[in-house]
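Using the sequences provided together with the hints, build the complete structure.
Top line first, the protein sequences correspond to chains A, B, C and D.
For what it's worth, the numbering used here labels the leading residue of the first sequence as 1, then goes sequentially.
For what it's worth, the numbering used here labels the leading residue of the second sequence as 623, then goes sequentially.
For what it's worth, the numbering used here labels the leading residue of the third sequence as 725, then goes sequentially.
For what it's worth, the numbering used here labels the leading residue of the fourth sequence as 1235, then goes sequentially.
If you're looking for bench data, these hints aren't it; they were derived computationally from the structure.
Being a predicted model, the structure only gives us computed values, none of them experimental.
Every residue, glycine too, gets a C-beta built ideally from N, C-alpha and C.
Just to be clear, a hint being listed does not mean it is correct.
[Stated by the list, open to error] To be clear about the criterion: a stretch of chain A counts as covered by chain D if any three or more of its residues have a C-beta under 8 angstroms from a C-beta of chain D, and this derived list gives those stretches:
id, region
1, 154 to 164
2, 610 to 616
[As the list claims (entries may be wrong)] Take a look, some chain D residues computed to stay more than 10 angstroms from chain A by CB distance:
id, residue
3, 1244
4, 1271
5, 1278
6, 1333
7, 1353
8, 1358
9, 1366
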Amino acid sequence: MMTVATVLSCLLPLASTLALAFSGERLGPRASTLIGVGSVGLAALATAWALLAYSGASQSVTLWTWVSVGDFQPTIGLTVDRLSLVMMGIITGVGFLIHLFAAWYMAGEAGITRFYAWMNLFVFSMLILVLADNLLLLFLGWEGVGLCSYGLIGYYYQDEANNWAAFKAFIVTRIGDVFLALGMFLIFVEIGSLDIGQVLDQAPRVWAEGSATANIAALLILGGALGKSAQVPLHTWLPDAMAGPTPVSALIHAATMVTAGVYLIARLNGLFLLAPDVLLLVGVIGAVSLLLAGFAALAQTDIKRVLAYSTMSQIGYMFVALGVGAFDAAIFHLTTHAFFKALLFLSAGSVIISCHHEQEMGKLGGLWRQLPVAYAGFLVGGAALVALPLVSAGFFSKDEILWQTMAADRAGLLIAGLLGAVLTGLYTVRLILGIFHGEPGSHHARHPEPGKNLFTHHLPLIVLAVLSTFLGAWLYPGLGELFPAAPGEAADTGHTLLQVLATGAVIAGLALAGWLFLMRRQWLHSVVEKGAGARCWTLLNRAWGFDALFKWGLVRPWQWLVHGLRCDFINRGMNLLALIARVGNAGLVRTQNGRVRTYACVMVLGVTVILISLVLTRGGGT
Amino acid sequence: MNGVPMEHGLVLAATLFSLGLAGLMLRRSMLFVLMSLEIMLNAAGLAFIVGSTAWNQPDGQAMFLLVITLAAAEASVGLALMIQLYQRFHSIKLDNVSRMRG
Amino acid sequence: MILLWLILIPFFGGLLCWQAERWGQQAPRWIALGTMLLVLAASLVLWIGGDFSPPGVSESPWLLEWRVPWIPRFGIEIHLAMDGLSLILVALAGLLGALAVLCSWNEIVERVGFFHLNLLFIMSGVVGVFLALDLFLFFLFWEAMLVPMYFLIALWGHSGSPGQTRIRAATRFFIYTQASGLLMLVAILALVFVNYSNTGVMTFSYNALLNANVPDGLAFWLMLGFFIAFAVKLPVVPFHGWLPDAHAQAPTAGSVDLAGILLKTAAYGILRFAIPLFPEQSQAFAPVAMTLGLVGIFYGAILACGQQDIKRLIAYTSISHMGFVLIALYAGSELAMQGAIVIMVAHAFSSAGLFILSGQLYERIKTRDMRLMGGLWGRIPTLPGLTLFFVAASLGMPATANFIGEFMVLFGTFDNAPEVVIIASAGLVLAAIYSLLMMQRVHFGGEYSQGRLAGPDAREYAMMLLLIGLTLAVGLYPQPLLDTTASMVQPVVALFTDSAGLAAQAEEVE
Amino acid sequence: MELAFYLSGLVAVLATVGVITGTSPVHSVVYLIVSLIAVALVFFALGAPFAGVLEIIIYAGAIMVLFVFVVMMLNLRADAERTPPLWRQPIYWLGPSLLALALLAALVALITAGDIEMAIDGELITARAIGLTLFGPWLMVVELSAILLLAALVTASHVGRRSDPGHSSTPRNAPNRGDTP
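Next comes the structure, spelled out in structure tokens:
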């Protein structure tokens, strides 16, 4: 039963994708929306069915053998266990809510059919990613979501900048994917299988803990995860990816796709436990990302970019959790993050549409009275984001992460986490104040048109808001037996102390934010206007200059290379032969000048040479 | 020594032939080219006669007759061409007549 | 006998097309289409009825065989034989031939009969190359493919970018392939004479020459002769000069045939002749060949990014993809070699798709210059979406055949030559760059000019759907293909690896 | 007799040099006649009087008269006088002369290397003997010469006839005019 439900929930989005893609433009916007949203709704129902039918044991279904050559036997097979069920729940559940919201958000846009075709293909690919029972099929989903992300970031294709953002997102994640592919090659050659279960089974037997090969394999997989999850240094694509429609940002670039890296590492936990150094590196990268992104979020003016950096930062938390071996905590935070970040993005989308596609913080402001639903969404989502104690979902998951970090004795990561909490408070408050309070910055903000549709506008926001409170945290079932014991499960000393500490960090952040943005607003403005403050602002606004680094380190040299080789110099080399022939031709043509004297001379020359050689040979012969 | 050594006769023929050849290569006027050809044919005939008298056989002289016929034919056709050339181009310089551009 | 008919049907069909022009413009098209489909149907019937399990010791490795003496004095026979690989390639040739006829339905309006004569003669030559087992016959068909292709480019080509005329491109194509073909002829003759002096039997037969005992030093040169002939056609990088020009100037049907089938004859030649005839030398040569493959992947990709002409761009991507094939052929593992075959098939589909699409684009906007495109997504219905699919296939998106091929190659090669795979993997990123660049420039961005253009008609749509269906089918379930070629690939791999083993043993003994 | 051979040989060579270096066509033609007569004397000295007579009658008589006629008819004097400045420059004659010299050297070397122990004692070969040879085994050659002469006659009369004066103003543009009746 469960497998049928699972397959069904995969097939429904795929079927609707095909229907939408091949309908051409025969389907009207209404029908497209109905098919697009309806199929994901049905998939969500199927997932619910699968959840109900779940017996506690993991189940596999092999549809067919993909390729079979010698040892190389990857299958098209799905495995359903707790982890994939949680992910499925997020993908179809949150996905359905976002689709529903998109029906409001995208109304009146051109190319609705294309939008839903991409979105449903994305849901399908993402489901394959989390359900795949072998790495090659996982890679199918992995690349599939990348392609959908490309198609959706560049949805507004008329603007060149959007296309380049999509291009950048695809290429940067593709660089990560190559590492993942290399990891797959290594695993296949060393272990002889791509089946995830077998790989995890066999790996400890083939590789000693901490052996070089295990480290390399884990490192390569990590490379893939970094690209997809937008962690340092492959993170530069995510802020630009906000060029897509807001529901896309909510679904792909906040709730699901960017967390695929976390899922991958959690799924291959056994491999990473064999490579403790790499696992630590995961944590360090997470910590670095969360701090860099947290600081960068402080200096953004585009509300979606603030949320994008916030996403990076939160995924950094998940990486920290992975880095200390607390896989369960990472997935927990992934879940709650999916709820509250989707809520934040959808609320932002509501604001953006209400204000006629205005998303600059400076041009918004004072909207709380006119847009109460979006305001409520931002407040609840923001509370979860800063992990407001006890009432928010984010508190429980983040607390779990910090606690595990402390239990694992990683003081550095813990401090980064706490500092990150302060930063989160700062930028969240700045964001909410910037949008909903103060003076409206533009005509659009003064006369917004709030969303009124109960079903497609209010409902998704309300449901997500509920899920972002402690209720959402309660919903999380826990994956205990699937992962090896996390460090914090044995001990319990100091947990309360940590909770107090974390709460203190949150409060400190909020208080600091309140003081800065409410009391000392003028002073703040004057600081960032000039001198070191302005330089600091620019640096943060450009997110520490990684873009420039890539531009001058990779993109420009590549362009020079392309430009330099455009003439195809190797071909020129081959053309040298033709040149020689042509020169020879020119030389010989000159002799055919029609002058009898020249011909006679040449003839005589020939005869003379023959005669002289005759003389010489005769002289030599006799 | 009795009589002329055959080599001397042949060397004379070779000298005349080379002179004719040199004329052929040097001169641009068709008249001189034709005369050079006559000289060369004549040298060939001389060589035949030398051979004929050295061997004391009449066959060489028969060949000489053929050579002389050839020379006559060549001269008549060549001169006819030259007249035609002169009528068309008002020049008998072969270089001026050449139309091939290498 | 059916093998002979596979060659003769297109031949006679071509003559008929030529004459059929008197009955009207449409007659040659229908006849050519029917002929191509007949070849396709015949090969499909053979495929369904064939038994492709590995042959027993005493059984013939061939599915079908047909031989009659031709010039007995020199031991030349008309010896045709078919195994799984030939069958697949013949079927592919039939399919792409039919597509070539379809895609030139409206494009070619002058000398329709002669055009289809050339198309069918190419077909005939290609099928001959895939079936010939006598080396002399093989050479004959190898050369016979060129002439009609030359006419196709020279007579119906576009006079494209300035300074590049179609005659020039056709001549260049002809000279490159002809010169390299002569190199192969020299190698064939040398091989035959060595065999003659060893055994006293003058024969061009493949089976006999497999056991020819060629001295080591000479064998290396002969192998090189074969390799260069095939390398020019594949094309491998220093010899690729003809390809972009030929593709850019050829009519759509010519490009489809060129990329879809003619390039495959080279890979087929390496697989059928260069490696089995000289396994030890090929083994020794493998590092060089793989390096050339790597150079091809990167050089093709870099140049593809720098092109303005959409067909030139696709042509350079072909060079890049063929780099993978070259690496795979010399990797010495079954997985890689099977992967090479899948890439050949996949590349035939995806590049044919892209060429046909650029042809359809050309029919609509009358240019191939990408600087004059942009924003077409909003102007043409459906076509950009189809393009995106083939672009995705070309960059190796999973679930397309290209992915299966490339990854089988990389998986199969990693064991023997991990460094090659690591470098080649970077090619995957480059593939993404050039493929998406094309998409960006042609279909995205601001609209270069105004006005809505017609979407694909039923004929164009059906062609595209067929190719998409096949690409996905091979991408999701390549097993029938792999099973068909397995019995051909395994002995070649065994030869290749055995010779490596033998060489190692010999060194130990010394 | 030897003296006659060497003397007339020397005259023949000198006269020939005069032919090829001469600037005036008429002078050259006269030099050529001298050269031919000298060669005829050589024939007499070698004992081939029939050939000598033929040389004088046909060569010096008939053929050279043709040359003289043509020179006079075309009035080539003026044409010849314009040439000297060009061909006095060594560049124009050094190469061909050296080439001819090299050929001569090679020929002479070959002839003298042959060690021919043969001398010409001047014994007469009578016209009768020649006639017997000609109309005996060489009959075919005689017939062929006759046909050759006939062919030359036809050709010369066709080629050499005066072309249509109407077209002579644009000669270069109508090269095939000889074919028109």
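Next on the checklist: Of all the hints numbered above, which does this structure not satisfy? Sort the numbers upward.
Outcome noted: As far as the earlier hints go, 1, 6 are violated by this structure, in ascending order.
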